[in-house]
Structure formats: structure tokens, C-alpha cells
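Could you build all of it, start to finish, from the sequences and the hints given here?
Read top to bottom, the protein sequences are chains A and B.
The working numbering puts the first residue of the first sequence at 1, with every later residue one more than the last.
The working numbering puts the first residue of the second sequence at 432, with every later residue one more than the last.
These are computed hints drawn from the structure, not numbers from a lab.
Worth double-checking, as some hints may not be accurate.
To be verified - For lysine to any residue, the following SDA-like pairs were computed, each having C-alpha atoms within a straight-line distance of at most 25 Å:
id : chain 1 : residue 1 : chain 2 : residue 2
1  : B       : K471      : A       : L48
2  : A       : K77       : B       : E479
3  : A       : K320      : B       : E740
4  : B       : K439      : A       : A75
5  : A       : K340      : B       : K443
6  : A       : K355      : B       : Q550
7  : A       : K395      : B       : P555
8  : A       : K77       : B       : V446
9  : A       : K71       : B       : D454
10 : A       : K386      : B       : I529
11 : A       : K390      : B       : E530
12 : B       : K439      : A       : I70
13 : B       : K793      : A       : R23
14 : A       : K355      : B       : E742
15 : A       : K320      : A       : G339
16 : B       : K471      : A       : K395
17 : A       : K340      : B       : A744
18 : B       : K443      : A       : A81
19 : A       : K71       : B       : D473
20 : A       : K71       : B       : P514
21 : A       : K355      : B       : K793
22 : A       : K69       : B       : D473
23 : A       : K69       : B       : M432
24 : A       : K386      : B       : L556
25 : A       : K340      : B       : L760
26 : A       : K390      : B       : P555
27 : A       : K77       : B       : G447
28 : B       : K471      : A       : G339
29 : B       : K439      : A       : L48
30 : B       : K793      : A       : G21
31 : A       : K69       : B       : L458
32 : A       : K340      : B       : G695
33 : A       : K77       : B       : K471
34 : A       : K390      : B       : R554
35 : B       : K439      : A       : K395
36 : A       : K340      : B       : M432
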Amino acid sequence: MTSPKTDTSMHQLHQIHTAMGERNLYDSVSYCNRCGMCAPVCPIYQILPRETTSPRGRNQLLRLWLEQKIKPSLADKTLLALLESCTLCGRCKQMCAGDIPTAEHVLEMRRMLRLSVLPSFLQSFLQLRGSHPFLFSLVARLGIFLRKVHLIQIMRTLRITRLSAFKWLARLDDLLPEQVVPLERKFFPVVKQAARFAVTPPACIYLPSLEAEWILPQLARDTYKLLPQPVLVWRHTASGLFEYVYGDLARSRRLLCRLIERHERTENGKLPLVTDSIDVYLFLTRAGQVLSGQPAWEERARRFAAQIRFVTDYLPATEKVPSRQRVQLECGALFERQGKPFTQARQILSTLFGKNFVQCSYTDTDIPAFGYGFTLHNRAAEIDFKTVAKIARTKTKSVFTLSGLAALEMNRLLKQFYPAAEAKHIVHAKR
Amino acid sequence: MLIPLEAKLALKQEVGSSNVQTDELALLLNSYDCSLSRGKPDLVITVERTEQVAAIVKILYKFHIPFVARSAATNHAGSCSAPSGGAILNLAPLNHIIEIDTKNQCAWVEPGVITEQLQHDLRPLGFFYAPDPASSKACTIGGNMAQNASGARCLKYGGTLDHILAAEVVLPNGETLLLERKTTGPDWIGVLTGSEGTLGIVTRIKVKILPLPVTVKTYLITFPSLESCVQAVSDLVARGVIARCMEAMDQLTARAIESFARAGYPIDAQAVLLLELDNAPELLGQEEKILQAVCRANQAQQFIPANNEEERARLWRGRRAAYAVMARLAPNVLVCDGTVPRSQLPRTLLQVREILHRHQVKASLLFHAGDGNFHPQIIFDERDTVRTNQVRQAVHGILQSCIEQGGTISGEHGIGLEKRDRMIYLYSRATLDLFARIKRAFDPEGLANPLKIIPPDYLKTAGTTAPLTGELLQLSEQIKKAQQERRSVVVTGRNLVFQTTKPALSTLGLNRIIHIDLTNYMVMAQAGVPLHTLVQTLRSHGVYSVLPDLPGTLGGAFSSGCFPGFYAHVTGIRALLADGSSVRYGGKLTKNAAGYNLIRLFAGAQGTLGMVTELTFKIYALPCTVLSPLPAQPLVKSPLWNAVKREVDPYNVFAWPQEETR
Ligand SMILES: Cc1cc2nc3c(=O)[nH]c(=O)nc-3n(C[C@H](O)[C@H](O)[C@H](O)COP(=O)(O)OP(=O)(O)OC[C@H]3O[C@@H](n4cnc5c(N)ncnc54)[C@H](O)[C@@H]3O)c2cc1C
Ligand code: SF4
Ligand code: SF4
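Okay, structure coming up:
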């Protein structure tokens, strides 16, 4: 069945990835049979329990739209709230018997309306990483420098960061560790790579995430050490994830195509490509969907997606860690909360920590994915609080995350509400 | 409908303007539930505190605006759409567990508490809440009460009805009442449970909680036929082993599940039964032996016990996947809900498969084998109207076949809009009219969830009851005459409890034990049967009930209020009303969610609302704990009783034994 209104613009996806294969948008949303099972796990519905903030409401909105029963407009407050408030966490999908990808539907609606949810300066800055990596690096270093000379602190004292245009700056400041040391080139033996690989071909490619490269060098180092050597490291490489979530699908596709081409050129596209960020992993494994409707690319994208690996694939967990402290897994991620990395992470933690690995209730919230905290400050704070509550309630000491960003966010919260616990990326589980 | 500005302002003042939504999108998003029905409201009011409900309802009453309570909107019946416009009251934010009292084994909750949330909070305390609808991770206790929801554990523990101890309800005029389970007078909580929000809005609920069972054992058992599966279940129940759940499915369903979930379900058997026992360890051993013997006697093919938590989880994974399998195959899954006497299950299920085949409709077929409740899960695409019509036809066929087998058109999902038009096939005009009178008594203006349950044109379309004969006809004539002459009579049995000297209408002529059913373990008897005769006769058939061998009649035991513990055992009732008409509700059914619960209306009403003429109730193969009578209490003439009395018996034909009569 095709949508009554077929839009083939470059700004829309053609197919949505579901457990039963690829479907067009209208079919995909029609599989939502309004059972309502998803609502109680949606962090936004938990705070505002009403249909106009529920995953089911988001899907039904799209359906009404595609069936032309409503005229969508950004002036419609209810519509705007439905679209803006979704954290794209995919918790609803996990509860859904039909595996409905609500987060993807929300993204599609945002794209169709050209709705941008990030503060514009932050948006432009982060976009530079894909378009002008050199400029990005320059601005980032400048930012780090200004922070070092207490400019941000001064702005905070002068309450400039309370102005809505600068609120994100305070949040970013809270998020970052006191000392930000970008990963130095010299750590990876990249310089001598060409010579080394002439003798032994690389075993895999490591694509460090933005945070591993810029904020959490230890994450990059530990990941690197886990991987089968020799490792080919692709630095300063944007995947297109940021553009996919926060903006321009066409640009996201270009970046992704560039990555695919580069992967194909390297050892004939046979090398596994490893990432330390669950969000990047979930995005790259969807390459087929992102490039659907692009005949030249679809097949190549699928081949590429099959080579994507998450660090948990390489994390050995054989013996128990002699610790009596409770640990939890923080599943905050984009689009999805089930699949191989999640199962692996659970297995790893239960092998390492046995009974001290605490399982949470299905309604416990987690860290809003991918810097979502920047988008809706007021609501994010409530979700944050609930997230910490579950850690405090179970007296957990260590929280393991599947991305560096989630660890940063979590540590920011823990520092504020429950300093007894600490968040770490799962690669550090054995330390 | 047009909502007056004044009403909107008053509502906004009460709940805050952000909690009153009137924009088109919000209205559209509140016009559905999990059924195919739609009904767009004119405004959506989000209620954040229970106290607001009464104030809101008062405003709506003043402006004559209809209203519909909505919690999680997971119901399958079209119960919470607003077909005549008006207001939707979003009760989802009322989600606080107010108090858990493990000493008295109860908990007070707000209606929007998610069923699983209560379960989650009770678990660490060593307790659980027994009703377990499959939707418990999303549905609410208020919604459960409104639909009388139940789940796999229903046979052993009962449905929501059996687990509500008290409730605070806001009547459609805004008045707040606290209803408790009293010994005399109708069991109002029983009437309210399953009323789908058409009688008022429940704002606080006191539920029963139970200690967690010590040991649970799970088995997967396969049978060569649906008959042998159902017979095994009946034999087990008769031998006093009430399993915690008995979830069964036919071969097609087991195959679909196995290919999807790989839970180790055998695919060559005609029927697969997932059975769970819970009890103290020593008793569990005995129960397991009986189970094995019963399974052997019924040609069970495979008997697979779950030996550890992992295996148990795997077996349940299969059962739980049953819905997901279907949900992934097509955009819509219509979960049909019918109930028949357990003995009729095999025949009905074969008919259902035949109906599905005839209408070329794909479905899985699951059933709660213990209580005769089955759920074909039909898949289709509602965008294809031709197909959708075929599905509707098939559903009608299935419900009709339930009615023909002495069953009901809903065991747990309710009637709402979806099955409303089928009610005329299940109930006579007189019974539907009694429903309408109950509704009018609670809601004279017809504002609470209008147009649900009762077909609007039932007076024209519903059939009449089969003509009465013999003693019943005579009694009916006498009642009719009394009403015409504006006389009162007192319904009596042995006249032991109140020893009235007023003109009496005796049930003693109604003294037949109509049927002792040893397959369904139910007995159907007339109201005038003396308890002594009843107990002796049952005993001579090797069966037992909870009623004691005491002077008095069956009708008296049920109506006097001296045996409140008996109500839960009664599954069917017939009664004569003040106009001489005869009504019927229920039957040899362990579950019924179609219409207002007339059993609970007449229970303990001391003959003041009608004359109970026949009861169907459960019996057991082993002696069970016999009830002791409570001292007789005079009827409490609450405002609710007065309202119902005015509607049901306006000329006071059925007088209370000790009151002044004309
Ligand atoms: C996947 C799935 C599985 C299901 N499995 C089962 C099952 O196993 N057993 C079963 O019985 N049902 C089942 N259902 C149906 C449904 O979950 C139940 O009917 C449930 O009780 C509805 O609760 P709710 O909170 O969603 O109520 P809603 O759908 O919001 O409302 C139901 C009715 O209750 C009324 N109502 C709600 N709150 C109040 C209140 N406070 N006071 C008065 N009236 C009120 C509404 O007006 C409406 O008429 C299932 C549904 C789904 C989607
Ligand atoms: S998204 Fe899935 S869980 Fe949510 S209402 Fe739709 S079908 Fe149900
Ligand atoms: S993706 Fe997360 S925030 Fe968005 S609707 Fe689903 S559960 Fe809610």
C-alpha cells in the first residue's frame, strides 16, 4: 500500500527499517495498531501523561498527516510539542510488539517540516565537523582555550548563560570534564601506519566518536587496545549521524556515501569498522535505510552496514571481577534499545559482576540520547532526575554506558544528585 | 457539539488552561483506543489531582456536556472514544499508589496507576495483585475496573471484580461516594466493575493484595485434540487442582509462535497447553502427581516441565510472543474475545476456525482453557475496507457461535461500541431494558460515556424472552397484577431471616435443581430449593458447593446478605422484575464482561429490586470450605439504592420485609 501523498523529495527517507524488513513510511506507521503498550516507557509521557506526548500519539499524528486529515504546520503547538519532545530514545520500540520505529517516524516528520531542535549556534558548530573538519577543530580548540581562561565561568557569573540563546553553553560546560585534552595524534601509531600495513594488513578500522577524539581520550585508548591489531584509525571522520538526527538528510547521505566509498577503497571493503558509540553504530547499521531510494547506493550501503561492529564485539568477559559493588547498564541510545550490542553488554556485565549487576524496571528512564539535553532544557531536567533516582534507589556504584556522551551526561547528573556513583563507558568495565 | 465559552473558562480555572485542550490535533489524538471505533471529543481535560474530578464533572453536568473517562486507552472495545462529542477526561496522571497495607492485605491506588507498577512495588514486599491482563505493563487499575479485566490467573484468583474492596466514585452529577463491600444491599462495587465508565468515574480504588506464592511450577503439555486438552483441564479442576494459569493454543498458533520465537513448542500436536501450578512445596508435589495422572488419562502426548527459571522464561516467551507474531504480520490485530462454558470450547473453537476459513481471515487462536475464554487474534489491514468488512463479518459469526453455545460475547474486554450491536442477540429486551434503567438511575442525564454498551434502538430490535410457563408464569402474573394494583409484596423463601407477616410472594414453588453439570462443574437450581436438599443432592452426585446444610433456601442465601462469600461463586442468574418480565444474565460461565453485572445487583438486595428465580453456581469434586452465615442486617437504603429502586421498581412492588406496605 502506498502513501496517498507520495513525496520523493531529497529530504525524506524512502524506506523505514523494521524488524520485518524495509517498509515505506505510510506502511510503517500503519502497523501501529494503537495498542498503547509503548506509552508508559516513554520518558516524555512519564512526565506529561497525555496522548499528545505519547509515542502512539506521534505515530497517529504521522498517519493523520499522510492521510491528509490534518494540515501540518509549525504554528500548531500540539504538533510542535509532539515532534520536539521526542528524545528519539527508542524505548517505545522496545515495548512494541509490532516493532514500530516511532523515533524514525518523528525524525521524518521533523525533516518534512524542516524543524530544527538544536540551538542554532551549536547546530552550525557541530555541522562543521562533517563539512569543514579543519575549521571545526580550530573552533573547538578556541572553545577549549576560552573555557580554560574562564570565559564561560565569567559568562555564568554575569548570568549571560541564563539567556535562552546561551543556555546550552552552561549545559555544555557542565557536561565537559574540567580538563579537556583532545586526543593527541601521537597516541595512535598512525604516522607509521603505511609502512606497517605493507607487512601486515590491518585487521580492522576504528572510527573514534566525536567524544572519544575530543573529550575522552581514555575511551579512545582503551577501545584501541581491545581491537585486533593492527588497527587502522580514521580520525576526523564524520559519519553523517549528526546531520541525520539534527538536520539535513541530503548532507547526511553525502557524508555517509563518502564513508562507504572510503571503506570500499580500503582492503576492498572487507574490514570490520568499529565504533565506540552506540549511536554511531545504530546509525551506520542503518546505512541501507538512510540511502534507500538511491539505486546506486542501496546495495553498497547494505554491504557496508554488514561490516559495522560495536566495541562489545571485542570485549572479553571471562572471569568475574572481585567486586561487591552494584553496577547497572545505562542503555541510553538513539532509536533502539535491543539488538546485539545491548545483549552483549548485558552478558558481559553479568559475567563480570554476577548478582551485583542490577536489572531495572521497564519504566525506569535513561539518559536522553545524543545530547538531547540541549534541546528541551526543562523537561530534560525531570528525566535526568528520574534517571538518577533509579541509581540511588538501588545503591548502584558504577553505571556503564554504551557511549562516551552518555557517560558524560550521567556523570554530570551524578555529580549533582548522587555523587556516590560514577559512570563509565563499558570498555572500562574490567578496569 | 458546541462547548459554551463559560464552561471552558470554568474548566480552565479548575485545572489550568494547559490542561484543557481544544485544538483539532489534540481532539483527533483522543478519539481512538485500541479498537476500530472512533469518536472525536470537543475538548480534552487532563486531570492532575483526584479532587479535581468532582469539580470538573459538576461543571460538565451544569452545562450538560457528556464526558468519557480515558486512562491508557488500551481497551479493545471502543469504550473510551467519544462518539457524541463532549469531553475526554484524561486520568493518566492520577498514577499514585496511595498506600500499601500488607498487614490488612490491601492497597489504595489512584485509577491511573499502571497495573504492572503496582505489581512492581508489591514484589519486594512479598505480595502481588492477582488480576493480570496481558496489557498490564500499560493498562491502568481504573481501566481494569471499568472493563472487569482479567488474565491468565483468572480461574484461580478471579478477575478484577474479585479484587476491589472499596472505591471512591464521582457520580455523573458530580457527587462523590465511597463504596465499600457491605454485607447487605446490592454489591455496588460489583455493579460498577465492568460498567465501562458509564455509571461514574472512579477516583480511588482499594484493591486486595495477596502474599506471593511460595513455589511456582510451569509445564508445557501437548494433546492429540482440542477435546482431550479441555477434558484434561476439566478433570483437573474437578479434582481440586486449580492451576494458576492454563493457557492453550491450537496447532496453527503453536507453529506460528515456534517459527518466530523458537521457544521449544512442539508443532505436531493439535493442542498445546501451558500450565502453571503455585502452592506450598509439599502440596505442589501432590498436585503435580494429580496433573500427571489426569494428563495420562487424557492421552497427553508430551509433558515438558520447566526445570529452572530459564526454561520457564523460555516457555512463557512463546506464549507472550503469540501477539507479537501477529502484530508483525499485518497492520492491525483484532483481538476477539468470546467465552463459552468450558465443555463447549472444543466445538466452538472448531467452529471459529471454520468461520475464519469461510471469511478467508487469518488468525491465531489462543484460549484460557480453564475458563472457556478464547481470543482469536485476527490480522488485517484496516486501510483495505473490503477486508475489514470481512473481518467484521467473521467476528460477528464468532460471537454468534458463542451465544449459541450458551456463552457470552465478552469474557474480559467489554462491549463499548464495538460489540454494542451484538447485545440484542445475547440479551432479551427485558434484560437490556434493565441495563438501561440502571444506567438512568446512576446517570439520569445520560452524560457519562454515552452510547456505550446498550444499543440505542434495543426496544425495537431486541427479542423477547421465551414465554414463561408453570410456576414462573404464575409468579410473573401475580407480580404484574400487584404492580397494576399498586400493591406491594415481599419476596420470601422459608421466611426465616426477617419473618415477615406482610403479603408474601413465596419462591418455595421454584424448587427444581435444573442441572448438575459434571463437565463444567456448575449447578443450575431454582431459588426456592432448600439448602438442605441442595447439599444432599450435590453430595449424592459426589460434588460440593460452598453453601452449608442449613434451613433456608438457595434464593434466601443469595439475597439475604448473610452469605456475601457466595456471590463470587454465582455465575448466572434469572429474575422476575416489577413488570413481571424475566431477565437473565450469565450462565455456566466463569467470565462475563457483557453488560452490567446483574448477579451483583440482586445479591444481598433482600428481594427489593426483583425476585431471583434461578441461580447457576460453581461446584467442586472435593469438599470445600463451607460458608458460615453472617447475622442478618437490615437493608441499607443508600441514595444509590433509592435511585435504582425508583427506576427498577417505581411502585415498590417488591417491598422490604420489615417496612410498612400499602
Ligand atoms: C496488547 C493488549 C493486551 C490486552 N490483554 C488483555 C487481557 O489479557 N485481559 C483483559 O481483560 N484485557 C486486555 N486488554 C484490554 C485492555 O488492556 C483492558 O481492557 C484494560 O482494562 C483497559 O485499561 P485502560 O487503562 O487502558 O483503560 P481505557 O482503555 O483507558 O478505558 C477503558 C474504559 O474504562 C473507562 N475508565 C477508565 N478509567 C476509568 C475510571 N477511573 N473510572 C471510570 N471509568 C474509567 C473508560 O471510560 C473506558 O470505558 C489488552 C489490550 C491490549 C492492547
Ligand atoms: S507504537 Fe507499537 S506499542 Fe505503541 S501504540 Fe503503536 S503498535 Fe502499540
Ligand atoms: S523515542 Fe523515546 S521519547 Fe520518542 S516517543 Fe519513543 S519512547 Fe518517547
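For each hint, the structure was consulted:
1. B:K471 x A:L48: With a Cα-Cα distance of about 21 Å, the restraint between K471 of chain B and L48 of chain A holds, given a limit of 25 Å.
2. A:K77 x B:E479: holds, 21 Å
3. A:K320 x B:E740: Roughly 22 Å between the alpha carbons, so the hint for K320 of chain A and E740 of chain B holds.
4. B:K439 x A:A75: With a Cα-Cα distance of about 22 Å, the restraint between K439 of chain B and A75 of chain A holds, given a limit of 25 Å.
5. A:K340 x B:K443: Violated. K340 of chain A to K443 of chain B sits at ~49 Å, over the 25 Å cutoff.
6. A:K355 x B:Q550: holds, 22 Å
7. A:K395 x B:P555: holds, 15 Å
8. A:K77 x B:V446: holds, 19 Å
9. A:K71 x B:D454: Measuring from Cα to Cα gives roughly 13 Å; hence the hint holds.
10. A:K386 x B:I529: Distance ~19 Å between K386 of chain A and I529 of chain B Cα, so the pair holds.
11. A:K390 x B:E530: holds, 21 Å
12. B:K439 x A:I70: Given that 25 Å is the threshold and the Cα spacing comes to 24 Å, the pair holds.
13. B:K793 x A:R23: holds, 21 Å
14. A:K355 x B:E742: Answer holds: K355 of chain A to E742 of chain B is near 19 Å, not above 25 Å.
15. A:K320 x A:G339: holds, 24 Å
16. B:K471 x A:K395: Outside the cut-off at roughly 47 Å; violated.
17. A:K340 x B:A744: holds, 20 Å
18. B:K443 x A:A81: Roughly 20 Å between the alpha carbons, so the hint for K443 of chain B and A81 of chain A holds.
19. A:K71 x B:D473: Given that 25 Å is the threshold and the Cα spacing comes to 19 Å, the pair holds.
20. A:K71 x B:P514: holds, 23 Å
21. A:K355 x B:K793: Violated, at roughly 44 Å.
22. A:K69 x B:D473: Given pair K69 of chain A, D473 of chain B holds - Cα atoms ~17 Å apart, limit 25 Å.
23. A:K69 x B:M432: holds, 20 Å
24. A:K386 x B:L556: holds, 22 Å
25. A:K340 x B:L760: The hint holds at about 23 Å.
26. A:K390 x B:P555: Cα-Cα ~15 Å, so holds.
27. A:K77 x B:G447: holds, 17 Å
28. B:K471 x A:G339: Violated, at about 39 Å.
29. B:K439 x A:L48: holds, 21 Å
30. B:K793 x A:G21: With Cα atoms ~21 Å apart, K793 of chain B and G21 of chain A stay inside 25 Å; holds.
31. A:K69 x B:L458: Holds, at roughly 12 Å.
32. A:K340 x B:G695: Between K340 of chain A and G695 of chain B the Cα gap is close to 22 Å, so the pair holds against 25 Å.
33. A:K77 x B:K471: holds, 19 Å
34. A:K390 x B:R554: With Cα atoms ~16 Å apart, K390 of chain A and R554 of chain B stay inside 25 Å; holds.
35. B:K439 x A:K395: violated, 47 Å
36. A:K340 x B:M432: Violated. K340 of chain A to M432 of chain B sits at ~52 Å, over the 25 Å cutoff.
Against the hints set out earlier in the document, violations occur for numbers 5, 16, 21, 28, 35, 36.
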